[in-house]
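Spelled out, the chains give:
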Amino acid sequence: MKYLHLIWAQLFCSRTRTALTLLSVVTAFMLFGLLDSVRVAFNSGGSVDGANRLVVASRLSITQTLPIRLLQQIEGIPGVRQATYAMWFGGIYQDMKNFFPNFSVAPDFFEVYTEYEVPPEQVEAFKATRTAAAVGEALALKHGWKIGDTIPLQATIFPRNGSNDWPLELTTIFRVKDRSQVGQENQLVMNWSYFDEANDYIKNQVSWFTVVLDDPAQASQVAQAIDALSANSDHETRSQTESAFQQAFAKQFADIGLIVTAIMGAVFFTLVLLTGNTMAQAVRERIPELATLKTLGFTDGSVLGLVLAESVLLVVLGGMLGLGLSAAIMPGLARASGGMMPIQTVVAQTWLVGLALMLVIGLVVGLLPALRAQRLRIVDALAGR
Amino acid sequence: MKNVLKNLAVLLVLLAALVVWTLLPWAGVLAVVVLLALWLWLTRSGRLAREATRIGIASLPQRWGASSVIIVGIAGVVGVLVAMLAMGEGFQATLQAAGNDETAIVLRGGSQAETNSVISRSQVPLIAALPGVQRDADGRPLLSAELSQVVNLPTRADGTDANVQFRGIGEDAWQVREGVRIIEGRKPTTGLRELAAGRGAQSQFQGLEVGNLLMLGNQEWSVVGVFASDDAYESELWGDAQTLATTYNRGAYQSVLVRTGAEGFESFKAAVEADPQLKLDVLTTRAYFAQQSGGLKTLLTALGTVIGGIMAVGAIFGALNTMYAAVATRAREIATMRAIGFRGTPVVTAVMLETMLLALLGGLLGGLVAWLLFNNYSVSTLGSNFSQVVFQFKVTPALLWTGLKWALGIGLLGGLFPALRAARLPITVALREV
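Protein chains in written order, with our numbering: chain A, 1 to 385; chain B, 386 to 819.
Some clues are possibly wrong.
To be verified - Pairs of lysine-lysine, DSSO-like flavour, derived with a Cα cap of 30 Å:
1) A/Lys142 with A/Lys97
2) B/Lys664 with A/Lys203
3) A/Lys97 with B/Lys387
Calculated from the structure, these hints are not laboratory results.
Can you make the complete structure from the sequences, with help from the hints?
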């Protein structure tokens, strides 16, 4: 620590060079912060609240429906505290471009999904109003909806009396407690009983059941017991934890992890080359100074340490600035993407991985110049040989 | 203070030039190159600039380590940008190849995509009787009433389940879609639980070899053939519509594909709209598939530009760094040149041309790597029918051109300020430096 001042002075010995290198490091880690957050958002299995929940969907495919009568059987299985259900609706508001997920749900929706914050009277209003709709706060803000408004939802799958019009009355606006999951506010739910009775095509069917477990540790036994209920029928189910279900779905879009890794590989390779070049230059220019340090009694080891510390400091400084910058611009970016990028903050995991990367890159790029500095012979260096 | 103001003005001009540059068509770029060449070869200051550039480039081999930072940095930007754009391009090309103006798709009014649509059995004969529908040699209408079922199949990549479209087709489907051909085995027989797999589906999912048995919807289906079509249909499995309907308890169709010919479409569409029993949407397949591919293409282009843009900023700092260092190490040399009569313009041009040369190399390298790694690289993603669409990255010449323009733009930004510094070095100070 007592050498910090010296290292700092060394680092800013050539201002332009250090500033430019620092800016490169900042952009690289800003990109890392953004991309890794996207990866985390896609791969994380939703909130902690979902840890004790199972999703029971058709084993045949995601578009296949299940009969509602399974509900009672599922509720009868030991280890199941509560079970609810939902049916995909797939409506659009005004235009395809305004896409947001929407489905019909059971009255106890807000009791199961405890991650949503709703005023109690609005929960009651949702249950009591036949044509009620509940939307996330972000979605309501985006379209300027207020409680009591009529939302003219257009069906794409299920007509009502031969027409695609499904006007719904907005009774409820919910908020996600965990603000990093704010993408979940981009959805609309309506009453399943109304949907079931009013649509022309399909009766007594749901897309999936959500099961709340007494104990998350029992997840696999309960899942097997539920799947056994419908084995060899024409509506076989597959039960998965909520996070496994969401991950499998996200993975169908693309292997986000692979894409992020590939891009960051290219970026960091360039970064190593760039900072490595800077460090090599810095040491080359300062050979007489380093020799002077050794003359004053600094050991070979401490000179090695000084150069390594300098390169690590450079990368960590830039990296932290970059990650901080990505955290700062992320909310704006998420808003600009219209909810397509479900990112809000840089999570702790990204900070840790980023920090580890900074240390490794700092050491790697500093190593060769540092070894050169360590092996300097005072006489040769001072003579300029 | 004066220099700061000057630099600021240069920066503004530079940004304006960059905007013009990105919008410039290839003919404009050619004109710029020709003008530059004329100046270099025909005027006195141009000849001096050429000499200065030659001196600079001659010393490049001594600075390869530092110069490679520019090349690799720009190659990274161009590679990532071209790869992302090639993905969007490939997805769009695959979907659009499936559409043409000769065939029309009929969906339930307002349903947007096949998955959402329902067409009752009683509507099919009504559609078949409408004007505009072409007929085959025996006088039967050329149309195929179809339904599709999303099924789960394990992927080859890691064995996890992915959604695959299983399309039930009518007997005439093969004639309505002219591009589809069997490349192995035979067509599935009507009334039997047989299916043909698309070439793309076969490459991505397990168990689709001819002769295999598959459990789908608790029934055993045998794979009897493989078909190719070079478009989105290759991601699907095809079987008999009636058999598929019984297997999955489906009472209705989802879409009707009709061959109308380019001239018959308008009369067919008008006839459907005039019939009060049919509340249906009619689109040419070209329009339908174009609409299906728009979203992802836009998203990928936006993502590619944003990521490429951020990387470009990093690469510009890298190039600035390298070129400032290059100017600094050659300070005496440059000062000498200026002392013996090289004026500002040739010196600036020399440093700029050197940077642009390195940028060009980087751009070519990045484009080449993207082309080698990704051209025709096969991937799949979730399309708008809740099922996988298999497609190939398409690294087109137009995309490579875009990449090169980016590379030169970065070179321009990264080279100008070091070049200005070279031209402004006080000669006496620089000559005295060790």
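Violations among the numbered hints: Per hint list: single violation, 3.
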